[in-house]
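Asks: Residue numbers (our numbering), protein chains in the order written: chain A, 77 to 561; chain B, 77 to 561; chain C, 1289 to 1425; chain D, 1289 to 1425.
Hints may contain errors.
As the list claims (entries may be wrong) - To give an idea of the interface, some chain D residues facing chain A are shown, with a C-beta separation under 8 Å as derived from the structure:
no., residue
1, A1301
2, I1310
3, V1323
4, L1325
5, A1337
6, L1339
7, Y1352
8, I1357
9, A1369
10, L1371
11, K1372
12, G1373
13, I1374
14, A1390
To be verified - Quick list of in silico lysine-lysine cross-link-like pairs, DSSO-like style, CA-CA up to 27 Å:
no., chain 1, residue 1, chain 2, residue 2
15, C, K1317, C, K1292
16, D, K1317, D, K1386
17, A, K132, A, K464
18, B, K413, B, K80
19, A, K354, A, K464
20, D, K1291, D, K1317
21, A, K449, A, K153
22, B, K413, C, K1292
23, A, K122, B, K130
24, A, K413, B, K80
25, B, K551, C, K1317
26, A, K181, D, K1317
27, B, K191, C, K1386
28, D, K1292, A, K181
29, B, K413, A, K413
30, A, K449, A, K191
31, B, K91, B, K104
32, A, K130, B, K80
33, A, K413, D, K1386
Worth flagging that the hints you see were computed from the coordinates, not collected in a lab.
Beta carbons are placed, not taken as given, at the ideal position from N, Cα and C, and that holds for glycine.
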Amino acid sequence: MELKNRKLTQDEFFKEREEVLQQWPTGKSVDLEKAIEYQQGIASAKRFGDKLAKAKAEGVTLIQPRAGVALYTEHIKLLQYLETEGEADLLPSTIDSYTRLNRYKEAEVGIEKSKESGRSMLNGFPAVNYGVDICRTVTSSLETPVQVRHGTPDARLLTEITIAGGFTSYEGGGISYNIPYSKNHSLASTIAHWQYADRLVGIYEEAGVSINREPFGPLTGTLVPPCISNSVAIIEALLAATQGVKDITVGYGQCGNLIQDVAAIRALNHLTREYLDKFGFEDVRVTTVFHQWMGGFPQDEAKSFAVISWGAAAAVLAKATKVIVKTPHEAMGVPTKEANAAGLKATKQLTSMLKDQSFVEIPAVVAESQIIKEEVTCILNKVEELGKGDYVQGTIAAFEAGVIDIPFAPSKFNAGKLMPARDNSGAVRLLDTGNVPLTPELKAFHRSKLEERAAFEKRPVSFQMVVDDVYAIGKGFLVGRPHGK
Amino acid sequence: MELKNRKLTQDEFFKEREEVLQQWPTGKSVDLEKAIEYQQGIASAKRFGDKLAKAKAEGVTLIQPRAGVALYTEHIKLLQYLETEGEADLLPSTIDSYTRLNRYKEAEVGIEKSKESGRSMLNGFPAVNYGVDICRTVTSSLETPVQVRHGTPDARLLTEITIAGGFTSYEGGGISYNIPYSKNHSLASTIAHWQYADRLVGIYEEAGVSINREPFGPLTGTLVPPCISNSVAIIEALLAATQGVKDITVGYGQCGNLIQDVAAIRALNHLTREYLDKFGFEDVRVTTVFHQWMGGFPQDEAKSFAVISWGAAAAVLAKATKVIVKTPHEAMGVPTKEANAAGLKATKQLTSMLKDQSFVEIPAVVAESQIIKEEVTCILNKVEELGKGDYVQGTIAAFEAGVIDIPFAPSKFNAGKLMPARDNSGAVRLLDTGNVPLTPELKAFHRSKLEERAAFEKRPVSFQMVVDDVYAIGKGFLVGRPHGK
Amino acid sequence: MEKKTIVTGVIGADVHAVGNKIIAYALEKEGFNIVNLGVMVSQEEYIAAALETNADVILVSSLYGHGEIDCQGLREKCDEAGLKGIPLLAGGNLVVGKQDFAEVEKRFMDMGFTKAYPPGTTIETTIADLKEILGLS
Amino acid sequence: MEKKTIVTGVIGADVHAVGNKIIAYALEKEGFNIVNLGVMVSQEEYIAAALETNADVILVSSLYGHGEIDCQGLREKCDEAGLKGIPLLAGGNLVVGKQDFAEVEKRFMDMGFTKAYPPGTTIETTIADLKEILGLS
Ligand code: B12
Ligand code: B12
C-alpha cells in the first residue's frame, strides 16, 4: 500500500503491532490496556505535557538534561541526583546507541560488560532490554516527568515499552531521527515506523492519556539554517497530529547569533500553530524547546560553562518553553552526574534571573523571523506541490530533490547540496541554496549577507568559509575568519 | 585656599609632594625623573592605554581580572598564571584594605602574618609597603599591561610608588573611591587627594608618558541607577582631564537588564566624549569598561559561572572596550588562582564568540540610552549651577543636597534619600528620586515603570521592593517578587 | 514582652554596607530593638554601644577578609568592660578566600565567639538563631 | 613523489559525520589520496577498502563512546587479511565519559593500534602525525 499522510487504521496498526512486539522478548510483556490504566494513574505533576502547559502559561523556561547509563539502578540514582542537586524541571532517559539501531544483543553485551567493569560501557539507558517493569521502576522513582530521548530510526518497540513503562513524553520523528542519525534507512521506512509510534500515542490520547511528543529540532547540530529545521519540525508536527497526537513540542538548536536564535523560535512557534490550524488540528497544544549549542564544544570546562550559559540566555530571551542543557564535559564524553548537574545549575541561574526579559518582539527579531517564515513557506509549498497535497509523499520527494537538505547529514537519502555559512554577525546563511526553492529575493538576501562578510574578510565567498566556520568554535569563535581578521 | 576644578600649579603640587613622600619610609625612594625615564622604557605592547586603543579600534572587548595577595613573589606567580592559563588581556594588582586606608603598619603585620601562616592574610597586594623596586619587579615580570586597582580615598603615596613602579594604568577617583569605600572622609578632602593623583599622571603625560586612568564605575555595586554612575564617571573624567590626564576609561557595573546595560555603556561613551569636548579636552582618549555583576553572588560555583557569562555577554553586546571579570568563588572569598582563571576563560569564550554581534544601535537600546542621557544632563546641569560653573564645588554641593545620591553607600557625606528598585523587566528605576533633579516627565517615567511592576505583583510600590530586590539574587532572581509571583 | 536589643555593625576597616543595612532593616521588622553602628566599627564602639543600650547581643559582620585579625581580643575587652557572657555572633565572609568553614568556625570559637556563620547565611537563619539564643522561640 | 592513500571512516554504529567530512576535506587539500567510507563503517569495510586501494594508513574515528567495543579485533583481522603492520590510528571520543587519556591510550595500544588520540585533536596535529608516520616530513 502506498505510504500516505493518513491515520493508520486499527487493523493496520494492530497487525503491525504483533510483529513489533516480537522483535525482542521484552515485547511480550506490553499489555496496552493495562498500560493505559497505569498511565491514567500518573499524577498531573508528573505528566510532561501538563508541566509544559503550566510553564507556557506562566511564560517561564523549564530546564532538562540529557542522561542515561547502562545499569538501571545507577540510572535511577543519576536521575534522582539531577532532580535534587541539579534542580532539573524535566528529566530524560537517553537511550544507548545499540538500542537506537535495534541491536539489542549488543546492548545486552553492554549491560553485562558494565556490570563486570563497574563503569557504564553503554552511552545510554537500554530500555528495550530492560522491559516494561524496570521502566516503571525508573519512572516511578522520580518526582519529575520523564521523557525518552534517543535517535532511533525504527523506534516502534521502544515506544511500546517505554510508554507502557510510564514515560510521559517521547522524542523523535521519521525525518529528524533518520537523516541525522542514520546512513541507510529510507525515509519511507522511517516515516512509516514513526506513523506507528505516533499512532500509538494517538491511541493513548483517545483513552484520555496525553503523551507529549517532540520532534528532534537540532538535526545534525551543525550550521543548520533555521528554515530547514523549522520545516522539518512543522512537517513532523503535522504527521504526528494526523495520527492523533495532541501535545507537541517543536525544537530548534542554537546557531549562536542571538537575533537569529530568538527569531527562529518565534517563527517556529507561529508557523507550527498556523500549519496545524490550517489542517484542522486546532486542538493540538504547541510548546517550544531550545537546544543549547549542539555543535562541537570547547575542551575547557570554564569555556563550556560560557557556551552553556549563552544558550540558556538565548532560550529565555526567546521565551522557549524548555531548554535542553549541555554539560561542561560535552567535548570529553558522557558527563558524570556532577558535571551534568553543574550544567543544569548554570542554566537554572539564567532561566530564573532573566525570566522577566523578552526579546521576542524587538524589531530586529521580528524582521529576521519574517525572513524565516517566508523561507519555510517556500519549502513547505513545494513539499505540498511535490506530494500533490500529501505531506508524506511530499517529504520523501522533497528530500530526493534536495528541496529539504540537511547540512552534514550522514544519510544517503539527503542531497547534501545545500551549503551553509555564517554571515558577518554569525547568523547562519546559505552559501549555496542547492535545490532549496527560495525566491530570488531570498537568495539575493543570503548572498548579500555573505558578500558583506567576504568584503570584511577581504576574500571571496567560498566553501573555505564553511570549513572555517566548523573549526571556528574549537578556537573560540563563531565566525571562522582567515588569520588576522 | 578654596578647592576648585583647576590644574594644580607646580608649586602647589611639589610642596604637597614633600609631605606625601614622607607618609611611609618607602616614599623616599620615589625619584620622579628616574621614574619617567623608567616608564619611557616600557614597550607599547605593555602599555595599558595602547592596548585599549587598539581594542577600541578593532571593536573587541578585552578581559581583566582582579587579583592581589600579600607576598610579592606569590603575587607575581598569580599574575603570570592569569596571563597564561587565564588568557587575561589586561592585568591588575588589587591593593589590600589596610593600604587603602593608609594603615601601613597593619599592612606590615599582614605581610608578616602571611609569611608565618603560609596563606595570604591580606585581601590584596600592599604596594606601598613594598615600594618602587618591588613594584618594578612585579610589573616587569609580566608580558601584559598592569593596572593598580584599589578603593583608596587618599591614594597619593600609592600613586607615586606604583607609577614609578611601572604600572601603566591607575583606577580610582575622588568620588568613586570615597563614597562607596569610606565612612568619614569628606568629599573635599578626597577630591583634593585625587587632584594630586591626577596631576601626577598629568606630569607624566607632559613628559610623554601616558598613564591610563579609570574612575571606578560600579560604586556600591548594588542597584545603582545608570544616571548616577554615569554622572559620577563623567565628573571624574572632567576632573582628571583638568589635571592633564589624557587617557580615560569610564566604567559601569552591570545591573542585569540587557537593554539597560547596553544603553548605559552607550550613553556613558557618548556623554563622556561630549562633556570632555565641551570643556576643550578633545585630545583626551575615551574607552569604556563594563563590570560583571558587582552585587551579591550565588554561593554555587556553576551558578556563578552563569552570572559571569551573562556579564561577559552584556559587555560584548555593549561593545565595551574591556570587561572586569568575577570568579566562581565570588560569594566565598578572595579566589584561588584556578577559580580566577576559570572566570577569565568563561569570559574569554564569550568575548571571542560574540565579538561580531552588537546591540548598541537597536531601537530599544537607543531609546533607553536617550533617557539616561536626559537624566545625566539634569544632574550635571544642576552640578554646574550649584558650583557656579565649577565642577568641584558643584560636586561637593550636589552630594550635600542629594543631587547626586548613591544607594547603599557607607559614607556619611552621601544623602541616602534616593531609593532604587527594579521594574517589571529588571531594569533599575527610581522608587524615590530623593533630591535628584529629574524633570517631571522623567519622574513620571520611573513611576510608571514601577507601577507596572506593582500591578503585576498585585502590591503597592513600596520600600519592601528594594529589600526584596537586594535579596533576589541570592535566590537566583533579578526582580524580588512576593511569594508565588 | 520587652524588646531585646541587638548591636549591629561591620568591624574594622570594612565598608560593605549592603548586608548591614538589610540585616538592620529585617531585624527591626522582626521586632528587635536595633542599634546599628554601620560600617568601620571598632571593638571599642561595639562595647560602648552595648553598655549604653544594655544590649542583649552583639552581632559582628565582616566581609572583606580581615575579620580574623579584626575580631581578636573582642571577647576579652567585653569581659573587662563588664559585658561578661554577652552573646557575640560573627558572620559574613570572615576570612580571606574560600576555606573549610569548620576550621574557620573553630578559630572564632577559640576567640570566644558564641557563634560564627559562613558566607551567604540567610536572614531567616539569622533571625531563627537570634530567637533561640535569646530564648524567644 | 607519489600520493599516499588513507582510508577514513567512523566505526561501528556511529553516525557523527561532521568531523569525518572535515578531516577528509582537509587531508585531501593537504595532498593525500583519501578513501572516505563515511559513517557506520564495519571493520570488514575498512579492510576491504584498504586492500582494494593499497592504502598506507587506516584512520578510524569513533565519537559516540562505543569505540572500545567496536575496535576490538581490528588489528587481528588486518593481520589475517594481509595488512600486517599497516598503521592504525584511532581518534575522536573513544570511550564513554571523561576518562584519564593515558589509560585509554594504553587500552588502544594493547589492542594493536599504532596511535590513539584524545578528544579535540586538531587537524594540524592529525596532519603532522600522518606525515611523520608516512615519513613525509
Ligand atoms: C554534533 C554531535 C551530534 C550530532 C551528530 C550529527 C551528525 N550526524 O554528525 C547528533 C545530534 C546527531 C549526535 C548524536 C549522538 N551523539 Co553526539 N555529539 C555531537 C557533538 C556535540 C559534536 C561532534 C562534532 O561534530 N564535532 C566537530 C568535529 C569537527 O569534531 P570531531 O568529530 O571531534 O573530530 C575532530 C577531532 O576529534 C579529530 N578526530 C576525529 N576522529 C579522529 C581520528 C584520528 C585518528 C585523529 C588523529 C583525529 C580525529 O579531528 C576532527 C577535526 O578536528 C559531540 C560533542 C563535542 N565534541 O563537542 C557529541 C558527542 C560525540 N555525542 C555523543 C553521544 C553520546 C551521542 C548520542 C549517542 C546520543 C546523543 N547525545 O544524542 C548520539 C549518537 C548517535 C550515533 N549512533 O552515533 C557523545 C559521545 C560520548 C562519549 N564518547 O562518551 C558526545 C561526546 C557528547 C557527550 N559529551 O555526551 N551527536
Ligand atoms: C558589593 C561588594 C562590594 C562593594 C561594597 C559597597 C558597599 N560599600 O557596601 C565594593 C565594590 C565597594 C566592595 C569593595 C571591596 N570588596 Co567587596 N564585595 C561585594 C560583594 C560582591 C557583595 C557584598 C554584598 O553586598 N552582599 C549582599 C548582602 C545582602 O550580603 P552580605 O553582606 O553577605 O550579608 C548577608 C550574610 O552574609 C549575612 N550576614 C552578614 N553579616 C552577618 C553577621 C551574622 C552574625 C550573621 C548571622 C549573618 C550575617 O546576612 C546578610 C543578609 O543575608 C561581595 C561578594 C559577594 N558576597 O557576592 C564582595 C566581597 C565581600 N568583597 C571583597 C573584597 C576583597 C573587597 C575589597 C577589599 C576589594 C575589592 N574587591 O574591591 C573592597 C573592600 C573595601 C573595604 N575596605 O571594605 C571580598 C572579600 C574577600 C574575602 N573575605 O576573602 C568579597 C567576598 C569578594 C571576593 N570574593 O573577593 N565590595
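Asks: Evaluate each hint against the coordinates.
Replies: Here is how each hint holds up against the structure:
no., hint, verdict
1, A1301, "5 Å, holds"
2, I1310, "6 Å, holds"
3, V1323, "17 Å, violated"
4, L1325, "10 Å, violated"
5, A1337, "15 Å, violated"
6, L1339, "22 Å, violated"
7, Y1352, "5 Å, holds"
8, I1357, "7 Å, holds"
9, A1369, "23 Å, violated"
10, L1371, "24 Å, violated"
11, K1372, "29 Å, violated"
12, G1373, "30 Å, violated"
13, I1374, "25 Å, violated"
14, A1390, "14 Å, violated"
15, K1317(C) - K1292(C), "13 Å, holds"
16, K1317(D) - K1386(D), "32 Å, violated"
17, K132(A) - K464(A), "35 Å, violated"
18, K413(B) - K80(B), "44 Å, violated"
19, K354(A) - K464(A), "16 Å, holds"
20, K1291(D) - K1317(D), "12 Å, holds"
21, K449(A) - K153(A), "43 Å, violated"
22, K413(B) - K1292(C), "44 Å, violated"
23, K122(A) - K130(B), "55 Å, violated"
24, K413(A) - K80(B), "63 Å, violated"
25, K551(B) - K1317(C), "21 Å, holds"
26, K181(A) - K1317(D), "41 Å, violated"
27, K191(B) - K1386(C), "19 Å, holds"
28, K1292(D) - K181(A), "39 Å, violated"
29, K413(B) - K413(A), "26 Å, holds"
30, K449(A) - K191(A), "50 Å, violated"
31, K91(B) - K104(B), "15 Å, holds"
32, K130(A) - K80(B), "62 Å, violated"
33, K413(A) - K1386(D), "12 Å, holds"
Figure legend: structure checked against the earlier numbered hints; hints not met, in rising order: 3, 4, 5, 6, 9, 10, 11, 12, 13, 14, 16, 17, 18, 21, 22, 23, 24, 26, 28, 30, 32.
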